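Chemist: The primary structure of each chain is shown beneath.
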Amino acid sequence: MATTRFLEWCGRLYIWLLLAFLYLPIIIMALMSFNVSPFYQLPFEWTTEWYASLWQNDQLISATWNSIKIAIISTIIATVLGSAASLALYRHEFRGKKVLQALLFPPIAIPWLITGTAMLIFFFGVGIGRGLFAILLGHVALALPYVIVVVSARLQTFAPELEEAARSLGANQWQVTSRVTLPWIMPGVIAGGLFAFAVSFDQFVVSYFLSTPGQTTLPVEIYAAIRKGFTPEINAVSTIIIVVSMALMLLTARFFKFGGEK
Amino acid sequence: MAGQVATGSRSGLRSALPLLLPAYLWLTVAIFLPLSAMVFFSFMTELPLSGKAWSFTLDNYATFFSQGLYWTLLLASLRLGLEVTLWCVVIGYPAAYVLAKVLRGRSREAIFLLVILPFWSNGLVRIFSWAMVLREGGILDTALNAVLPFKINIDLMYSYPAVIIGLVHSYVPYMVLTCYLTLQAIDDSLIEAGRSLGASRLQMLKRVIIPLSMPGLVAGAALIFVPVVGSFMEPRILGGRTGTFYGTVIEDQFVAVFNWPLGAALSFILLAVVLVILALASPVLRRAA
Numbered sequence: 001m002a003t004t005r006f007l008e009w010c011g012r013l014y015i016w017l018l019l020a021f022l023y024l025p026i027i028i029m030a031l032m033s034f035n036v037s038p039f040y041q042l043p044f045e046w047t048t049e050w051y052a053s054l055w056q057n058d059q060l061i062s063a064t065w066n067s068i069k070i071a072i073i074s075t076i077i078a079t080v081l082g083s084a085a086s087l088a089l090y091r092h093e094f095r096g097k098k099v100l101q102a103l104l105f106p107p108i109a110i111p112w113l114i115t116g117t118a119m120l121i122f123f124f125g126v127g128i129g130r131g132l133f134a135i136l137l138g139h140v141a142l143a144l145p146y147v148i149v150v151v152s153a154r155l156q157t158f159a160p161e162l163e164e165a166a167r168s169l170g171a172n173q174w175q176v177t178s179r180v181t182l183p184w185i186m187p188g189v190i191a192g193g194l195f196a197f198a199v200s201f202d203q204f205v206v207s208y209f210l211s212t213p214g215q216t217t218l219p220v221e222i223y224a225a226i227r228k229g230f231t232p233e234i235n236a237v238s239t240i241i242i243v244v245s246m247a248l249m250l251l252t253a254r255f256f257k258f259g260g261e262k
Numbered sequence: 001m002a003g004q005v006a007t008g009s010r011s012g013l014r015s016a017l018p019l020l021l022p023a024y025l026w027l028t029v030a031i032f033l034p035l036s037a038m039v040f041f042s043f044m045t046e047l048p049l050s051g052k053a054w055s056f057t058l059d060n061y062a063t064f065f066s067q068g069l070y071w072t073l074l075l076a077s078l079r080l081g082l083e084v085t086l087w088c089v090v091i092g093y094p095a096a097y098v099l100a101k102v103l104r105g106r107s108r109e110a111i112f113l114l115v116i117l118p119f120w121s122n123g124l125v126r127i128f129s130w131a132m133v134l135r136e137g138g139i140l141d142t143a144l145n146a147v148l149p150f151k152i153n154i155d156l157m158y159s160y161p162a163v164i165i166g167l168v169h170s171y172v173p174y175m176v177l178t179c180y181l182t183l184q185a186i187d188d189s190l191i192e193a194g195r196s197l198g199a200s201r202l203q204m205l206k207r208v209i210i211p212l213s214m215p216g217l218v219a220g221a222a223l224i225f226v227p228v229v230g231s232f233m234e235p236r237i238l239g240g241r242t243g244t245f246y247g248t249v250i251e252d253q254f255v256a257v258f259n260w261p262l263g264a265a266l267s268f269i270l271l272a273v274v275l276v277i278l279a280l281a282s283p284v285l286r287r288a289a
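Chains as they are written, first to last, in UniProt numbering: chain A, 1 to 262; chain B, 1 to 289.
No wet-lab data here; the hints were simulated from the structure. Be careful, since some hints might not be right.
Stated by the list, open to error - Just so you have them, the derived chain A footprint on chain B, three or more residues with Cβ under 8 Å:
hint, region
1, 54-64
2, 69-83
3, 96-103
4, 150-164
5, 211-217
Stated by the list, open to error - Pairwise CB distance ranges, derived in the manner of DEER restraints:
hint, chain 1, residue 1, chain 2, residue 2, range
6, B, T72, A, A109, 23 to 33 Å
7, A, E8, B, G68, 49 to 59 Å
8, A, E45, B, L86, 16 to 26 Å
9, A, Q173, B, K52, 50 to 60 Å
10, B, S189, A, T3, 13 to 23 Å
11, A, S53, B, D155, 21 to 31 Å
12, A, L162, B, T72, 52 to 62 Å
13, A, E45, B, P283, 18 to 28 Å
As the list claims (entries may be wrong) - Take a look, some chain A residues computed to stay more than 10 Å from chain B by CB distance:
hint, residue
14, E45
15, I73
16, H92
17, E93
18, I114
19, L162
20, G170
21, Q175
22, P183
23, F209
Just so we're clear, the structure is a prediction, and the values are computed from it rather than from any experiment. For glycine and all other residues, C-beta sits at the position ideal for the given N, C-alpha and C.
The shape of chain A in the complex, shown without the other chains (with noise of 0.2 Å):
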């Protein structure tokens, strides 16, 4: 039994060091925006001054609230409809269900550079051409899925019984809905809704395509300076979307379990 106890030791082990390569790059990118010199040099010298200047940067600034703008508002309209459709597809049997169900997945499994270039060739051929409308436009059907797919889960665990028994009692169909299913779904309801902000909020390659100078998002706004050259100040808005989108996942995570654990 030495050996398995050795063993168990070295999974321990491994799974910190794999922790560690995870997370060490974004551990040194926060502590280096707290650094004094611009060029990342050591020793390390404490100041929020990059932060500071943060708030000077309005073009940032002005794509921070693009991005938050669009992932509330991207979040409220593909948690409702897709709630909507979840629930549509769990209550009916109808021929073609299967065929709805599958078209949920092409959104997700292709890659957001097939979709990106498509819907900009696309919102441009009809006109809608691009910039923040379109960018909301994409968002939405990227989150919906995910709703959709995060709903129907928990309601796989809503007995059709309770429905039955309030419908015998005398509610109508909204009050079914309203008092009997919807509290019992909310719970997944609110994860798709983080899903959908995540997935809005952290969304690069679309946003890429769909944006214009002057109608961009954060991530956007970020790749065009990283590209221009590094400085602090990426570093330390990086540091903030990341504690951000991280948080966010907390969240999503107390009301919703992954890993099927029981």
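Since the structure of chain A is already known, use the hints to place chain B on it.
Modeler: For chain B alone, coordinates are given in the frame of chain A:
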């Protein structure tokens, strides 16, 4: 299309339609029509919007097949996808195994969350963070030179290994996630039974554990391979001049060269490749479902 398919039980569809329609209409406008438009555009000589005369042509596809450059780049991207996927298996599978079979209870839950957490943070920013680690005079360089007695120069930035490292970092959580799900489903008593019948650890791994977790491996591989073949931001940032791949060429057609019809044809060829890969992976995945 839905209308045709659903004639069989119209009542079910009719009552489902009001709830169903908005979401699927949106997907149609923003995903399915654009993908169709891309196919259409890829057969054109010019953008019909620019006012210039246009006609249908096969030239864009002829360009792909006649110019060795695009072939070479597609192969380079496929190779990149393969290498990144293999590294993710090598790094991710053992981690998934430890998570599923060694760790227990709360520590397993916490570490699992830690592994998949970065995956949901911004990919662009994570790639950028590697730039700081890998460049000459960067953290890795400074740290190693501080520890080692001799002077070494680590300048991985703007190289093929840098692209690999960045991509593996981005995608390895996928592999851990999918393998963990299938490994967790393997009954522990099955492993105990095999062991008590005298199977060595290696035999158990080869004959029982790996075959049973195959769906997770295949799902993870597909989820990693497909986006890596279409990646362009990671090679741009970490690869510099060596980072020209199929994805970066498509990006160029749309944002730099403005040859949209050629870009559409290149995108469509990539889509075809992606669909073939997903089709190849789907029997294994369906067997698992």
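Chemist: Over 10 Å to the closest beta carbon of chain B is the bar; see if I114 (chain A) clears it.
Modeler: violated (5 Å)
Chemist: How does the Cβ-Cβ distance of S53 (chain A) and D155 (chain B) compare with 21 to 31 Å: does it lie in that range?
Modeler: holds (29 Å)
Chemist: Beyond 10 Å from every chain B Cβ: check whether that's true for F209 (chain A).
Modeler: violated (6 Å)
Chemist: Decide, holds or violated, for the assertion that all CB atoms of chain B are farther than 10 Å from the CB of E45 (chain A).
Modeler: holds (15 Å)
Chemist: Taking C-beta pairs only, is I73 (chain A) more than 10 Å away from all of chain B?
Modeler: I73 (chain A) is indeed farther than 10 Å from all Cβ atoms of chain B, at 13 Å.
Chemist: Looking only at beta-carbon atoms, does the pair L162 (chain A), T72 (chain B) fall within the given range of 52 to 62 Å?
Modeler: holds (60 Å)
Chemist: Taking C-beta pairs only, is G170 (chain A) more than 10 Å away from all of chain B?
Modeler: Given that every Cβ of chain B is farther than 10 Å from that of G170 (chain A), nearest at about 20 Å, it holds.
Chemist: Holds or violated: is the Cβ of Q175 (chain A) farther than 10 Å from all Cβ atoms of chain B?
Modeler: Nearest chain B Cβ is 16 Å from Q175 (chain A), so the label holds.
Chemist: Check the non-interface label on L162 (chain A): least C-beta distance to chain B beyond 10 Å or not.
Modeler: L162 (chain A) clear of chain B: closest Cβ-Cβ about 18 Å, beyond 10 Å.
Chemist: Using Cβ atoms and 10 Å as the threshold, tell me whether H92 (chain A) really stays out of contact range of chain B.
Modeler: Per Cβ check, H92 (chain A) is inside 10 Å of chain B; nearest 4 Å; violated.
Chemist: Checking a non-interface call: every C-beta of chain B should be farther than 10 Å from the C-beta of E93 (chain A). Is that right?
Modeler: violated (5 Å)
Chemist: Take the region 96-103 of chain B, compare each residue's beta carbon with every beta carbon of chain A, and decide whether three or more fall closer than 8 Å.
Modeler: That given contact holds, which follows from 5 residues of the region 96-103 of chain B lying within Cβ reach (below 8 Å) of chain A.
This entry does not satisfy hints 1, 2, 4, 5, 8, 13, 16, 17, 18, 23, going by the numbered hints stated previously.
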